[in-house]
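**Q** Following the hints, complete the assembly by docking chains B, C and D onto the known chain A.
Residue numbers (this note's numbering), protein chains in the order written: chain A, 1 to 293; chain B, 294 to 647; chain C, 648 to 1046; chain D, 1047 to 1286.
You may find that some hints are simply not true.
To be verified - Derived pair list, reagent style BS3-like, types lysine-lysine, alpha-carbon separation capped at 27 Å:
#1 C:K815 <-> C:K897
#2 C:K815 <-> C:K866
#3 C:K674 <-> C:K1007
#4 B:K458 <-> C:K1007
#5 B:K403 <-> C:K1007
#6 C:K693 <-> C:K930
The set of hints was computed from the structure by calculation and includes no laboratory data.
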Amino acid sequence: MEWLAPFLQNLTGGLLIGGIYALIGVGLSLIFGVMRIINFAHGEFVAVGMYTAIVLFQRLGMDPYVALLVAAPLGFVLGAALQRVVLHRLIDAPADSTLLATLGLALVLSNVLFLIFGAEPKSIYLPYATATVTLGGVRLPVAQLIAGAITLVVIVGLWLILTRTEVGRAVRATAQNRLGAELVGIDTPRIHALVFGIGMALAMCAGVILAPLLFAVPTVGSSYTLKAFVVTVLGGLGSVPGAIGGGLLLGVVEFLGASYLSSGYRDAYGLFAFLLILLLRPEGLFGRTVKRV
Amino acid sequence: MTGSPDRGPDAGAGPPPAAPSAAPGPASRALTPWLERGGAPWLGLAGVAAAGAAWYVVFPSSLSLGIGLLLLAGWASAWDLLGGWTGQTSLGHAAFVGLGAYVVGVTATKYGLAPWWSVLLAMALAAVLAFLWGRITFGLRGSYFVLSSIAVAEILRLIAINERKLTGGAIGLFIFDLDRPFGLDLFSRHTEFWLALGYLLLVLATTLLVTRGKLGYQMRAVREDEASAQAAGINPVSVKSLAFMLSAALTALGGCIYGIFLSALQPQPLFELHLSVRIALVAIIGGRGTLFGPLIGAAMLTLAGELFRNAFAEANLLIYGLLIVIVVLFVPRGLMGELRRRAVRRRYAKSAGG
Amino acid sequence: MKRVFVALLVGCLALLTATATAQETVKIGVITSLTGRFAEFGEQHKAGIQAALEDVNAAGGVNGAAVEVVFEDDISEVNAALTAGEKLVNQGLPLVMGAYSSGITNPLAQYFTRQQRPFLVFTSSDDAITRPGSDWIFRINQPSYAYAQVLFDVFDAINAERGAGTLKTVVTVHGNGAFESAVADAVDVIAAERGYTVLQRQDYDQAGADFRPILNRFKTLNPDILFMVSYAADSVALMRQVQEVGLDAKVFAGGAAGFALPGFIEGSGPAADYVFTATMWTKDVPYPGAQDLNARLSAILGRTPSYHAAQAYAAVITAVDVLKRAASFSPADVRAALLATNMPDTVYGPIRFEDYQGYKNQAPLPAVAEQVVNGDFVTVYVNGQVVGDLLETPSWNAR
Amino acid sequence: MPRALEAERITVQFGGLVAVNDVSLALDTGQIVGLIGPNGAGKSTLFNALTGYAKARRGTVRLFGSNVERLPPYARARRGMGRTFQIERPFEGLTVLENVLIPAFLRHANRAEAEAAAMHALELVGLSDRAVQPSSDLNLARRRRLELAKALAVQPRVLFLDELMAGLNPPALKEMIGFVRSLADSGIAIVMVEHIMQAVTELCEEVIVLAFGEKIAHGAPQQVMNDPRVVEAYLGGADE
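Next comes chain A alone, as it looks inside the complex (with noise of 0.2 Å):
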């Protein structure tokens, strides 16, 4: 058995990274699920977040939790805002387009975030990011069990809206058929701004948890945004469940193929599992199919 605790760390370390992975892939298959854009600035929305809660941090001195409560709103205003002055206009445009759209607004982000804090990597100390408290002989780092237990309420609270609310009711019609919802009455260019607006702002509580962790470049978003591609594909595209699930699926894949096969290969076990998926069972765990008859 002396396998055994070296494993349990490896897993709840990987599920503890998953559980970021799952909040923001959840944001990215919202965005799809609603609106049928694929988000290529989803991962430059991370890194927003994460420099909102550096610069918070340096200048107020705000704890980057406290952070959040500024970084959601702020969030949502700005993705809904870029909804309506750039995706709105591409609402029945070929979906290239839009997916060419964002891709150029992940261009102009991260390479703002250049202009502005130039490329030397920021961080920010908290005196509690290396604590640990010991479980069963595992020990689990209180800043990932912090960044744990937001992601759950977060994710919590959106199922509530998505399911106990008026508006959520409204975002699940959109999601299953603009035209009838339209039909109904909804105002669908509105859901559509509310749902790239909390979309954004998941993504950037996802940035801001992430700050105290790791290290803010201004390029570190591209490598989120194809995290958060492998996992809403593995979860299936559109499914805010499957997404928690590939998020959480991910994590472990990857920690516990860093762990016992190649460390190098770190990111290529999601990729590895992406085409696997694909090849294999391509509606995702969790999805409905999307194989041409």
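**A** Okay, now just chains B, C and D, sitting in the frame of chain A:
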């Protein structure tokens, strides 16, 4: 490389066939019918060749810049076979650039293979990779192909980094020696410039020939409407795969030249997403599904990059990001696509009015 | 649209033809990253070069002619660097120097070798630049091997102080860039030579990585030495996670780059204490004028300079010395002068170009080791000698 | 002598919903069969199952005696199934001639021959004077004819027409009816989904009525129209 004047009529890449020419001047009596029958793009190709030669004469000390531009234009044109004419956006074409460069590097340094064999091998490998990749993704509905394209390029980059025995890992591969085909020094910037120009012309000529033939029309049919294409007896998966294989092989060919140009190969610049994105955006901004759009896009963005170097370079992709948003919103067909659409309208209006 | 295009073309023409004009000065070409992701280092280079130009021109330049530096920005990209290289070669400059990243310098070195023009490297430390090297490539700065070497010198010193066998086993974690991999390779080689055992070596991809899987794995191995090679962002994440995972080693060693920067201490907090790191130059090196140069560079930059600035300073001093001695500015004569270089007391140490251990035209300078003590870098090993206390690393529980 | 098309016991299901249940039909060369029924009766789904665009859960489809039910749509097209789409979709950005050139390539690899065949198809439907026009500029009636020319260019032996007559004005309708008749006379078997009763009664010898995915009547147009079940299906469908 000049075209045979008796090509069939065509309206996709050139002027429409049947419209009887209004009033040919006496001097252009022989030329005009040839242009009408689709000779114009060949004339354009000759113009590209002449412009390339002019660059060589006028800027003899800026050959590297020229090589960079020609290769980018060639890659973007090769990308366009799949991304423009067939409508399958790829953000992973750096995979083929890197593959081409590495095949030349590995075979030259480890096995002493002559470069022309390496080039053939690289093109074949690229085509095989494209075939398998298409197998996995082209049967799926939605944006899976574009997502997978990033994933595959990333995986190749990680392989190049981790399989050190083959690729030299992160430290890379250094090409010190190459055979001299026909006594040509492949390391000379002069040779490389002409190779790059020839490469671009080859890609453009291939595009022109393909898009005027059966495959080219099948590619467009698949791009426009797969259900309709199937009713015409077209298997979308195999048309997409063929276009992808062609695009991949041509991109890898350019990668071979690039590998020789650098002669120090490292995974990071060769396989990175940045390069894939640049290839795709150059083609899209210039005009997808047009013969000269990708070339125009590459020329514009390269020259703009040189000009605005000091203003923008701290964030040197900013200009790409802004341009792509502007193009998507206001010029969705790209520069050449927009010009061509207007020209077609005008010509049709004229022929309908006259 | 057409007008914009014409304007672009004309502008480009003007740029390309605006090359060398009349020359009463001696021009040296410098290719570095003034913009793009390595711009931080280009700025350091610029500061060093500015200081050096003041000094050499005050001292009469090259036999009376003022020295001028032609900067070419490689925008942190290899294509632009090669374009710049070609431009400088075609301008007929007697000597060109550069660049920051090994990924950029390697292709440049290939190009200058083919063109048979001398090229002076002063920051890129990839071994492959001068090993095997070529007749035309010269390097002032220490190769990546030196980063590992100086830390193993420290390990040997610790073994000598606390008894042989105190430090025996090593685990290595490194980024998968060219430079980090090269240092990790050097660790393997030196460990084998000096009787240490490398238990395991793991690499990782990209900044912002999560190192816990690797560190958990290392923890089960109980290594004496944790050898880390990474850039700035990762160095902080690594030390934080080492503390978090509770990986206790007798020595934490940061081979290069990230660990020697002030940002490492700022970001890691107390976790940075006791870490040994290799650097190429500090204000405490026992070479004449080091403190003074450091003060001047600080004034120019408005912050603490990194060793890159000193390297650029040394490069200009060396280039001027070479051009003074060159029989003519022909490539062959400049190369001959480079080969004959012998500058025993520059602020960067004694500079001459030698062939040794497979290197060619490489200045055989040792690196410097520092230890972080109470949130500050303390120089502990210079020029083959221990110059400070080598503090023992307490276990994480005891801190 | 095998029949041109024989479909037996076709069943199509979407999730739990049975869209087409156990429907059979057969026809010979030169024959026209009409497929009618209220909206949502499963006509288009049956159509798609026959041409390969929808997956049949059960049942067989034989084209001149050989089974094609496992083949994808393009393979059925190659074996002689031609079809039009209810919402006509010309290939945007291509001219009228190029639109027809694409299916014509199926039978002629050589560009000149394919072009001649495409021109021939355009002449058949009366669009040859529009050959160089961008296809997006055509009006509805001409788009319909273009759609038909595209279907004809694959040289079908069995032709599926999906609401070809919908929205045409009386002269255009009359012209189209005459044209479909001549196609049948030239030896093509035709299955048509149609709402325009004039076209159905004038063209079809046999009509199949679908309601809620079931075949509820089958026979000559006049006879079927008087079937009480059919009347009820239409009325029932009307007040939904």
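**Q** Taking the hints in turn, state whether each one holds.
**A** Hints and how they fare:
1. C:K815 <-> C:K897: holds, 10 Å
2. C:K815 <-> C:K866: holds, 16 Å
3. C:K674 <-> C:K1007: holds, 26 Å
4. B:K458 <-> C:K1007: Distance of about 24 Å is within 27 Å: holds.
5. B:K403 <-> C:K1007: holds, 23 Å
6. C:K693 <-> C:K930: holds, 18 Å
Of the numbered hints given earlier, the model fails none.
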